[in-house]
Amino acid sequence: MATRRSPLLLAAAILAVGLALSVVLSEYNLRLLNLSVITAIAVIGFNFAFGLAGLISLGHAAFVGMSAYTVAILTTATGWSPWAAIPMAVAGTVLFSALIGYPLLRLKGHYLALATLGLNVSFFIITANWLSLTGGTNGIPGIPQLRLHGYFISGERYFLRFGLVFLAAVAAAALAFQRSRHGRAMIAARDDEIAAAMSGIDVTRVRVAAFALSAACAAVAGALFAEHVRFIAPEDFGYVHSITYLAMLIVGGEGSVVGAILGAVLLTFLPEWLRFLGNAYLAFFAAMMLAILIFLPRGLVSLFRRRAPRRIAEGRS
Amino acid sequence: MKLLQACGVTKVYGGLQALTDVDLTVMPGESVAVIGPNGAGKSTFLNVLTGLTPPTTGRVLFDGTDVTKLATHKRVRLGIGRTFQHGRLFSRMSVLENVMTAAETCRRGGDGAPRETAMRVLERMGLAAQAAEAVGSLSYGQRRMVEMCRVLAGKPRVLLLDEPAAGLNSGEVEQLVERLAALREEHSVAVVLIEHNMGMVMRFAERILVLNFGSTIAEGTPEEIQSDPAVLTAYLGEGYSHADL
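So the protein sequences, as listed, match chains A and B.
Residue numbering for the first sequence follows this note's numbering, starting at 2 and increasing by one per position.
Residue numbering for the second sequence follows this note's numbering, starting at 520 and increasing by one per position.
By construction, these hints were calculated from the structure, which means they are not laboratory data.
Just so it is clear, the structure is predicted and the values come from calculations on it, not from any experiment.
All the given hints hold, so there is nothing to weed out.
If you anchor each label on the Cβ, the simulated ranges turn out as follows:
| # | chain 1 | residue 1 | chain 2 | residue 2 | range |
| --- | --- | --- | --- | --- | --- |
| 1 | B | Leu535 | A | Ile195 | 15 to 25 Å |
| 2 | A | Ala17 | B | Gly686 | 48 to 58 Å |
| 3 | A | Leu267 | B | Asp582 | 49 to 59 Å |
| 4 | A | Ala92 | B | Gly534 | 49 to 59 Å |
| 5 | A | Leu108 | B | Thr584 | 25 to 35 Å |
| 6 | B | Ala647 | A | Ala14 | 27 to 37 Å |
| 7 | A | His183 | B | Pro556 | 35 to 45 Å |
| 8 | B | Glu693 | A | Leu115 | 49 to 59 Å |
All C-beta atoms in this analysis are idealised placements derived from N, C-alpha and C, irrespective of residue type, glycine included.
Make a model of the complete structure from these sequences and hints.
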């Protein structure tokens with residue numbers, strides 16, 4: 002029975018740890034934690050595409066950016082309330098991802114990686130050059146703050162509490178989904194496409210669904226990012242960020258929601274902790290990635306797993 | 520009522536004629552074996568029946584409707600199940616989860632929960648004790664049985680088996696034949712079998728289709744096939760009048 006409740010346990014754990022940290026951390030660390038929370042939501046999304054369905058997508062940051070830009074443009078140029086702009090941005094991004102997913106997902110492996118990378122590069126070029134809409138490389142400043150019951154959600158501490166609610170909800174939903182028949186269908190489509198079809202699974206639909214779900218989480222992260230930083234520019238959503246999401250998921254543990262969160266938090270804080278290394282950080286980062294791929298191919302979460310991870314099925318019957 | 524029907528199935532790969540005008544009719548509950556030397560087109564024929572490979576010409580009918588253009592997963596949901604020559608499992612799932620996938624997609628009105636359906640199939644096939652294990656820890660014979668269970672969890676009306684006895688020891692083959700016979704008896708599941716183990720073919724099949732270089736060279740009962748001159752030539756070369764197939 003334990004695993005039925007675990008999505009709620011995960012949400013509770015995120016809220017508890019996050020709220021405790023929101024009390025004790027300094028302003029600077031709170032800012033980093035806010036970025037971690039937002040990034041974690043994006044990486045949980047990336048886990049749907051890469052961890053479950055095995056889609057090597059390197060365009061995830063474009064979906065984060067698309068949503069952030071939608072929020073920014075709707076709230077600044079047309080004066081929408083952020084509360085109306087956020088759902089609009091998420092819906093628009095998901096729709097776009099599904100539409101582009103159908104042709105893109107005919108590609109596999111490295112071809113899909115290259116095509117999605119191209120999508121991210123195109124997004125950067127468009128946002129950097131469509132001056133009238135996006136302000137080009139100057140970006141869009143002055144995105145209005147969210148207001149709740151007449152109070153602005155301002156300051157790192159309050160924004161963190163707000164962001165944690167989103168992270169907890171997304172993480173719990175992702176975990177519940179992963180253990181449902183739909184999650185299983187995604188894993189099946191990755192493990193063996195032909196056997197999946199022969200088990201009655203519509204592989205194309207499952208892939209597009211995984212892609213759209215990953216974009217949905219990216220969109221939530223992008224909207225929160227726009228509301229947190231309140232100034233966005235093209236380089237916030239370059240393809241380097243897509244590759245960072247991939248690195249975070251691999252460090253944390255692909256296929257795992259907890260791993261996605263661990264990886265996002267660790268790789269957001271680590272460059273700050275190791276600032277004294279200067280450019281040598283890149284060498285350290287490379288060595289760490291290699292070490293993880295060799296010694297912990299299933300990521301940091303595998304450190305916490307019990308030796309016999311395949312006992313879950315019994316507990317649930 | 521014919522359950523599964525292939526009409527004039529032809530498959531051409533570039534200059535290679537993999538299948539030429541192959542016909543097959545399977546009645547409910549019937550057991551048919553498709554035999555032939557390596558490269559005769561047997562697996563290609565199963566691929567056409569299941570929709571993994573579109574035929575160049577010809578049609579496939581299931582339960583009276585034309586399914587030639589129907590996607591694989593839809594045919595599976597209609598009741599065409601299939602196992603593969605080397606067994607294909609979802610390596611990141613437990614035994615039970617593997618079997619549940621098909622129970623979930625092929626669930627029809629009146630079926631129980633997929634988990635219970637899957638457990639029942641595992642019990643029946645003698646794998647209940649391994650339900651929670653990772654598929655990677657199983658023996659080859661058990662892995663093939665798990666694949667069979669996954670197909671059965673989808674409640675197929677016709678079962679296409681690609682060399683199910685390959686790699687099994689004689690005891691396991693014996694068990695497999697018994698279980699398949701029971702399935703036919705109780706649920707009138709039809710079985711189409713590709714097999715090189717002639718002992719199993721002769722004991723299990725009511726009818727045999729012999730392919731060679733993509734064409735049907737003979738079709739008939741096991742007795743007829745064993746003395747068919749064209750079959751003997753294909754298997755043994757010219758000059759034999761009898762073989763202990």
